[in-house]
Amino acid sequence: MYPSAFDYSAPGSLEEALATLAELGDEGRVLAGGQSLIPMMKLRLAAPGHLVDINRVDELAHISESNGHLAVGALARHADVASSEAVSRHNHTVASAAPWVSDPLVRNRGTLCGSVAHCDPEGDWNSVMLAVGASVVARSSSGERVIPITDFVVDFFTNSLDPGEMVTEVRIPAYQGPAGGAYLKLERKVGDYATVGVATHLVLDGSGNVAEAGLGLTAVYGHNLKVTEAEEMMAGQTPGPELFAEAAAIAASACDPDDNVRGPAEYKRAVVAEYTRRGFAQALALARGEG
Amino acid sequence: MTTVHEPRTSPEVGGIGHSVRRKEDDRFIRGAGNYLDDLNLPGMLHMAILRSPVAHARINSIDSSAAMEIEGVLAVITGEALAAHGLAWMPTLSGDTQAVLATDKVRFQGQEVAVVIATDPYIAHDALSHIDVDYEELEAITTPQQSLATSTLIRDEKEGQTDNVAYTWEAGDQDSTDAAFAAAAKVVSLDTHYPRSHPAPLETCGVVADVNSITGQATIYMTSQAPHAIRTVFALVAGLPEEKIRIVTQDIGGGFGNKVPVYPGYVVATAASLLIGKPVKWIESRTENLISTGFARDFHMHAELALDGDNRITAMRAGILSDQGAFFSDAQPTQFRAGLFHICTGSYDFPAAHVTAQGAYTNKAPGGVAYRCSFRVTEASYLIERLVDNAAHEVGVDPADFRAQNFIREDQFPYLSPTGFVYDSGNYHGAMDKAKEMIGYDGWRARQAEQNADPDATKLIGIGVASFTEVVGAGPSRQYDILGLKMFDSAELRIHPTGKAILKLGVQTQGQGHETTFAQIVAEELGIPYSDIKVMYGDTDNTPYGLGTYASRSTPVGGAATAVVSRKIRAKAQKLAAHLLEAAEEDLDWEPGKFTVKGTDQSVTIQEVAFAAYTNHPVGMEAGLEGVTYYDPPNMTYPFGTYIVVVEVDTGDGTWKVLEMVAVDDCGVRINPMIVDGQIAGGLTEGFAKANMQWITFDDDGNCIGSNFMDYLVPTAWETPRYQLGETVTPSPHHPIGAKGVGESATVGSPAAFTNAVIDALWSRGVSNIDMPVLPHRVWGALNGVEVSP
Amino acid sequence: MQITVNINGAGETRDVEPRRLLVDFIRSDAGLTGTHIGCDTSSCGACTVLLDGRPVKSCTVLAVQADGSEVKTVEGLAEGGELHPVQAAFKEHHGLQCGFCTPGMMLVGSALLEGNPDPTDEEVRWAISGNICRCTGYMNIVTAIQAAGGEGS
Ligand SMILES: Cc1cc2nc3c(=O)[nH]c(=O)nc-3n(C[C@H](O)[C@H](O)[C@H](O)COP(=O)(O)OP(=O)(O)OC[C@H]3O[C@@H](n4cnc5c(N)ncnc54)[C@H](O)[C@@H]3O)c2cc1C
Ligand code: FES
Ligand code: FES
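Top to bottom, those sequences are chains A, Z and U. Everything in the first sequence is counted per the numbering used here, starting at 1 for the first residue and increasing by one. Everything in the second sequence is counted per the numbering used here, starting at 1 for the first residue and increasing by one. Everything in the third sequence is counted per the numbering used here, starting at 1 for the first residue and increasing by one.
Calculated directly from the structure, the hints in this document are not laboratory data. Among these hints, one or two may not hold up.
[Said to hold, decoys possible] Listed next, the in silico BS3-like pairs over lysine-lysine satisfying Cα-Cα at most 25 Å (straight line):
# : chain 1 : residue 1 : chain 2 : residue 2
1 : Z       : K568      : Z       : K500
2 : U       : K72       : Z       : K500
3 : U       : K91       : Z       : K436
4 : Z       : K534      : U       : K72
[Said to hold, decoys possible] Far from chain U by the CB rule (all over 12 Å, computed), these chain A residues:
#  : residue
5  : S4
6  : D7
7  : S83
8  : S102
9  : P104
10 : L105
11 : G110
12 : S141
13 : T158
Being a predicted model, the structure only gives us computed values, none of them experimental. From the three backbone atoms N, C-alpha and C, an ideal C-beta is built for every residue, glycine too.
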C-alpha cells in the first residue's frame, strides 16, 4: 500500500508555511502528525496534490498556560499532551482522554490540533473540546482568527478553515475554581476508534452547584456532538446522580448512532447514557477534590 | 515407549526435558531473519493484483491499455491470457477448482481479476487504478442458508453442479443415536455459529518466482507451511517437470494454517516470471490477506445431548452447515469432508453419536484453512464444551462436576469413540483436578454466589470451564492423505566426521522453534549436544519429502521420524563402537553420547564413533553415518487439558474482563518445556481473541467487514489476559518419545472456556447463549432482551 | 528530493520521491530488512523504529520527513557486537517465536526502559500496546522487557 505521487514542501517557519499555503490555495494540504492523512493516502482514500509539512515549524510545539487558558500548539503530539503537567493540572477531561487516543506509537506522531482539524466524528479530541469549550486559533498569511470550537466543527470531516488557513493552536480554558472532568471511551482494543465516547466537564460555584457543565459525544452522530440541552439544563442545579441521570437521558436522545458491526443504535444510546452518568460522577468527585 | 519426566541428558547436551534457549533466536533478535520480503533478486519485478470490488458480477470486459502506458509497467495479465495457457483455473486441496484470475465472473469481493507486473511496487500499485473492468453486478449470496434456498448457481461454470452444495458428509451411527434420544430423560440443545476468522500471521503471504527461461529451472521462494506438497501441486497445475521446481521457504513470520494452500498470487507470479523471464515478487498486503487468502471456521452448528435420569450423557447429535465461500478449498485429508469435526464427542464417554455436515458455496472468499487447528477440531471442541456447560446449567449441576461425572476414565484408554477415533491415552480427571486446585475453584464459586446474588449488581462474576480433547498428528496413511499424498513425514540425519550433525526435515517451522526442538530429539537419542546439530527445512531440493507443518503434526510425525532415524543411526554406531572397542555388539551399554563395554570403563563417545565412520570403518561396512526415515504414524495423538477462566461482566456496557485464568495442558512428553509454554500462551491468546473480538463478517451485499487491522481486531498486550499454566504428563503410548503435539491445543480448547465464563455469569439472568465473538453489544442485548445483529 | 537520514549512526543519502515511506527507505534503499511490514493501516507496529529516540511506525512517516534525523532500527540495538539487554532478555525469556514482531517490540522496550528502568507488568503492556504479536500471547515479551530493565539498573 503506497500513496500516489504528490509535491512536498517542508517550511522551516510559520511564516514560510503560511506563505506556502497562501500560494497553493486549494492544492495545499497541511501534514502534521500524518497519522490520519498518511494512512488515508496509502489506502488511496486521499490524494492531495501538495503537502505542506509543518513538522519543522518548531515554534508550534508548545503546550503552555497563559491568560487563563491552556494553549496546545499545532505540533504538540498526543503523547506530549498525555504527559503534560499543565494539562493534568488544568483539565481533567483532556488529561483523561489523551492516553486513550490511538496507541502509544501513533501518539508519538499524531497531534491534537491535527485531530481537531480532521473532524473525524469517531475522533476523540473534538468531543473533549466541545465539552470544555475550547477555541481554535487559525492563521493565514493575512492574519489570525479565534474560532469557537462549536463554529469550527462543521460536519463529518469538515471544518470551517478557509483555503490558505491552518490551525496553529487550540485554546482550552484553564480551571479557575472547583472543576473536574472525564473522558470515557468504549473501544474494542487499544488503537481502536471509539464505539462510543463521552466527554464530561463540570465547574462548581461557591455553593457547590453546577456553574458550568460540558458534554461532548464521540461516534454517535454525523460529527462530534455537543449536548447543549443537557449542559443548559444542568446549570445552577445541585450535582448528583439524579441530575446526571437526567443529563444522560437527554444525551441518549440527542445522539443518532448508526446500527453497525459495533452494535445497534439502541445499545450505543444506552452506553451514552451509562457513560454520561459515570463521567459526571467522576467529574464531580474530582471537582470536590475526592478523585 | 519411553517415558521421560526428568531429563536423562545433561543441560549441555540438552535432550528432552531441557528448556534450552532457542538457536534460531540469535538471528531474529539481531534483525537478521530471512523472511520472504527480505529477498531481492537481480532484475526482480513486482506484481500487484487487481481485485474485484463486488461480491458477485459478470465480467463484461477488461481494458488494460491505460495501465500499459505507465512507465515501468511491463505487463498486465488477465484471466483470458492465463486461459490461453490452461492456467485460469487450478485445483484446490479439497479437489474442487478455483479461479486463478477471473474469466467469466467474480464470485467474491477481493477475487483476483488481473495483475500488473512493474519495475517497482509503487508503480505496480499506481497502475491498478488504470485498469478498467466492466462488471455487471449479480445478486450476492452471503449466507449458506440463503445459498441452499436459492436457485441461483454460484458455481455455474462447474460441470454437473446443479445446486450450491459443496459437500455432504456424515459420521457415527444414526440408528443407535436416535434410539438413545428416544429413551432420554432430558435433551439439551444448542445452536451456535463459530464465526469466520482468519489466522492473520503478522507476516502476510508472498512469493518470489524465479523461472529461468533457458534452463526451465523454476525456483520459487514462498511463505509455505508445506513446501513439498506445493511443489507437487505446481507440477500438476502448471505441468512443469517436478525436478525443475524448487520451492524454498525461509523464515516464516507465523503461519497458523494461512500458509498451507496454494493461492492464485503464487501461480500468476510464477506464470509471469515464466513469460517475462525475470524474477517476480508478490507480497500480499494485509487487506489482501484478510479478504482473499485463508479464512477459517464459519460453521453453523446445531447439536443435542441426550441425558439419562442420573445426568449421564447417552448420545449426541450434531448437524453442521459450513460456509465455504466461492470455492471449496479446505486444506484437509481427502476422506474427511468436514475435517476431523467428528471428534465432537470430546472428552466424554457415551455410546452413540451421529454427525451430519453439509458445505455450501457463497459469494465469499474461499479458504477453510485449519487455523491453529487440526482440521475443524476447534469447531468440534467448542461445540461439545459449550453444550456440556449448558447441560450442566440446565440440570443444575456444577459444570466441573458434570464433566467429571461424564469423562472417559483413565482405565478406559485406548478408547474407541462413537465416531470411530481410537483415543490413545488420557487422564481427564487429573487435568480437571489440577486446574480446579490451581485457580481455587470453590473459592471463586463462593465469591460468585455472593456477588451475583445482589439483583442490582452491575458487575457479575462468571466461571468458565472447558475440558478439551484434540486429535492431532495426521496421520496414518491408511486414512490420511491430501490430494492422494499420504500424510507421513520425514527426517534425514547425517553425522559429520567431527561428531556434529545436520538434520533435514519434511516439516516446516513458522516460529515453533524446530531448529531447537528437533535438535533436542537427536540430542536425546544420540547424546550429541543440541547446539552441534543444524536443522534444515523448507528447501525441496535439499530436504526429504514431507507434508509440512499444520494441524500440530510436526512433533507427532516429524518428531517421531527424527527419533526413529536417530535410532537407526545409533544401531550403526553400535556396530562401529564394537569394532573400535573390539567387543561384541551385545556387550555394549548405551547412555546418551557413549558406548561402554559392560562391566568395564572402556568406552567410546558418539563423536569418536562418528569420526571412525569416515576414517576407520570395518571392512564390509559402508562408510558414513547417516540415514533417512519416512514415518507413518500408527495412530493419531490426543492431547487434552482443562482450562478455567473467571470473568467479570459489566452489565452497564456489556464489556467483560478476565480476572484469572488457569490452563492445564497434557501434551504427553514435553521436549522443551519453555517452548511448550510459549505455544500455549500464544494459543490461549488466539482463543481469547476469537471469544472477545476477532472475526470477519459481511454485509448483505457481500462486502467484507474485517478487511484490515482496524476492523479485524487482534488483541494487544493490553487486552490480553494473564495466564497461569499447569501440566500433567500422559505420554502417547505409540509415539517413539511419547509426545503428542501442542501448538494448537490452547486455541482449540480456550474459546469455549471464555464463552462459558460469560454465560455462567449471565445464566441466572436468563441468558443461555451468545455466539462468538462475545461482543459487548451482544452481552448487553442478551441482558436486555434486545435482538442484535450482527 | 535528496535526503540524508542517519540510520544507526551511518548517513544514508538518496534521491527519493516525496511519497516514499520511511519503511521502504530503510528496507529497500538502506537494505536493513530487520524492520518489517505487517499491515496497511498503521495498526501493527512491525515497522517500528526510533525516530530521534521516539518509537514510531515507519510505515506512517515519509522518508523525506526523516531528512536530517536519527533513526535507530533493530540492527542498531547491539553496540560494538554486544547485545542490548533487551535482545539478550528476549532470547533468555523466550520473548519471540516467529520473530516478525520482535524488532518492533525490542525497540519499544528499549525506549521504555530509557525513561523507566523498572516498569510494572501494566506499564510494559501499555507501552507495547501499539505493537501486535500473533505468536507469543505477550506474556514472555513482558517478562523479557522487565528482566532487561532489571539488568540495566
Ligand atoms: C492506528 C491508529 C489509531 C488511531 N486511533 C485514534 C483514536 O482512537 N482516536 C482518535 O481521535 N484518533 C485516532 N487516530 C488518529 C490520530 O489521532 C491522528 O493523529 C489524528 O486524527 C490526526 O492528527 P495528525 O497530527 O496525525 O494529523 P494529519 O494526519 O497530519 O492530518 C489530518 C488532517 O488534518 C489536517 N491538518 C492537520 N494539522 C492541521 C493544522 N494544524 N491545520 C490545518 N489542518 C491540519 C490535515 O491536512 C489532514 O487533512 C488513530 C490513528 C491511527 C493510525
Ligand atoms: S506496518 Fe503495520 S504499523 Fe507499520
Ligand atoms: S513472535 Fe511472531 S508475531 Fe510476535
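Cross-check of the supplied hints:
1. Z:K568 with Z:K500: 17 Å, holds
2. U:K72 with Z:K500: 38 Å, violated
3. U:K91 with Z:K436: Since the Cα atoms of U:K91 and Z:K436 sit roughly 32 Å apart, the hinted pair is violated (cutoff 25 Å).
4. Z:K534 with U:K72: 32 Å, violated
5. S4: 7 Å, violated
6. D7: Answer for A:D7: violated, closest chain U Cβ roughly 7 Å.
7. S83: 10 Å, violated
8. S102: 8 Å, violated
9. P104: 5 Å, violated
10. L105: 4 Å, violated
11. G110: A:G110 not clear of chain U: closest Cβ-Cβ about 9 Å, inside 12 Å.
12. S141: 23 Å, holds
13. T158: 23 Å, holds
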